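Residue numbers (this note's numbering), protein chains in the order written: chain G, 26 to 156; chain P, 26 to 156; chain F, 26 to 156.
In case anyone wonders, no lab produced these hints; they're calculated from the structure.
Please read these numbers as outputs of a predicted model, since none were measured by experiment.
Hints should not be assumed to be uniformly reliable.
Said to hold, decoys possible - One-sided and incomplete, this derived list gives chain F residues near chain G with beta-carbon spacing under 10 Å:
#1 E38
#2 D57
#3 N74
#4 N76
Beta carbons are placed, not taken as given, at the ideal position from N, Cα and C, and that holds for glycine.
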Amino acid sequence: MRTLTVASRRRAEMIDITAAVARAVREIGVADGACCVSVPHTTAGVTVNENADPSVREDILACLGRLAPAGAAWAHAEGNADSHIKASLVGSSASVPVAGGALVLGAWQGIFLCEFDGPRSRMVHVAVLPA
Amino acid sequence: MRTLTVASRRRAEMIDITAAVARAVREIGVADGACCVSVPHTTAGVTVNENADPSVREDILACLGRLAPAGAAWAHAEGNADSHIKASLVGSSASVPVAGGALVLGAWQGIFLCEFDGPRSRMVHVAVLPA
Amino acid sequence: MRTLTVASRRRAEMIDITAAVARAVREIGVADGACCVSVPHTTAGVTVNENADPSVREDILACLGRLAPAGAAWAHAEGNADSHIKASLVGSSASVPVAGGALVLGAWQGIFLCEFDGPRSRMVHVAVLPA
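Starting from the given sequences, assemble the full structure and let the hints guide the process.
Okay, structure coming up:
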């Protein structure tokens, strides 16, 4: 397992971590299997989506902000109830196949750390499971 | 890893791929572990849900259509921002246990390719990781 | 693979299964890899989120109840269409890294069975895949 450190700069942000995950997969050196990318946090998540047009990330974050509004009357009193909800909607991990020692991603796919309660420093675990 | 090809016929559609995934798992021949089913696309996803009553799929798609409406004023200008959002809500992969060389699914569970920007041809990767 | 049995007491409920999953992981005895926690049900899910303040769970369930209302005019006629939808929003499985034979969870993370159509008895499958 490798652990990446990622710094977020905004309260809600999707950060493209594809290159760092790909590097970790190469270092781990498993030829074929699947890569499990996960966060040890409860107000952040991991998703796979388009990394070409940044407006896709903007729309995902805007929609999540409407589904779980930051200012609503939540029971959790720390001001980040919406962040926890978004983490469970997106999920705390994502799986991507590995072949020939490299991530198998579609042409438009990237792996994103989803920050929902930043800015702060986050960890991302990368494990590769051989087939 | 095996890669399935699936043709969708509507813009939004949940296609039952359980039989094809089960066949791939048998061909791969791993006795015990977990199967990772994923798509290399950013406007489609994979989910596990009921495959008995088709109205369940209809309700899931209708609800997602309300959470991320196709016609809303999204930043992404290609007319499929809602499709990307739905892909991250559902997720691009699903994991199912494998025992005795077969998928371990509940009585009502099926594996679905979730098409959110069809109709088109899609790929589904199936990897089985031994325990 | 180990299978846990969990009894829910309400229609919608997030039940902390971290200790039981951790025990199963220790019994399975794989030192390093990833743990796949899944349910063989279509109206329940698995998520990783905060297990310190119970109000976080309350907010997650309240928000899901607004995104997919129980009393809406769904096509599925069994009265639990909302439960199926919530299962696909949260997902039927979650993955957590394993190191030194133990789950690698963040300080605030717990693993939850998400009951969306209880009360009833549920099963949770725990598989550990070696790295």
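Okay, the hints, checked on the actual structure:
no., hint, result
1, E38, "violated (14 Å)"
2, D57, "holds (7 Å)"
3, N74, "holds (5 Å)"
4, N76, "holds (8 Å)"
The structure does not agree with numbered hint 1 stated previously, though it agrees with all others.
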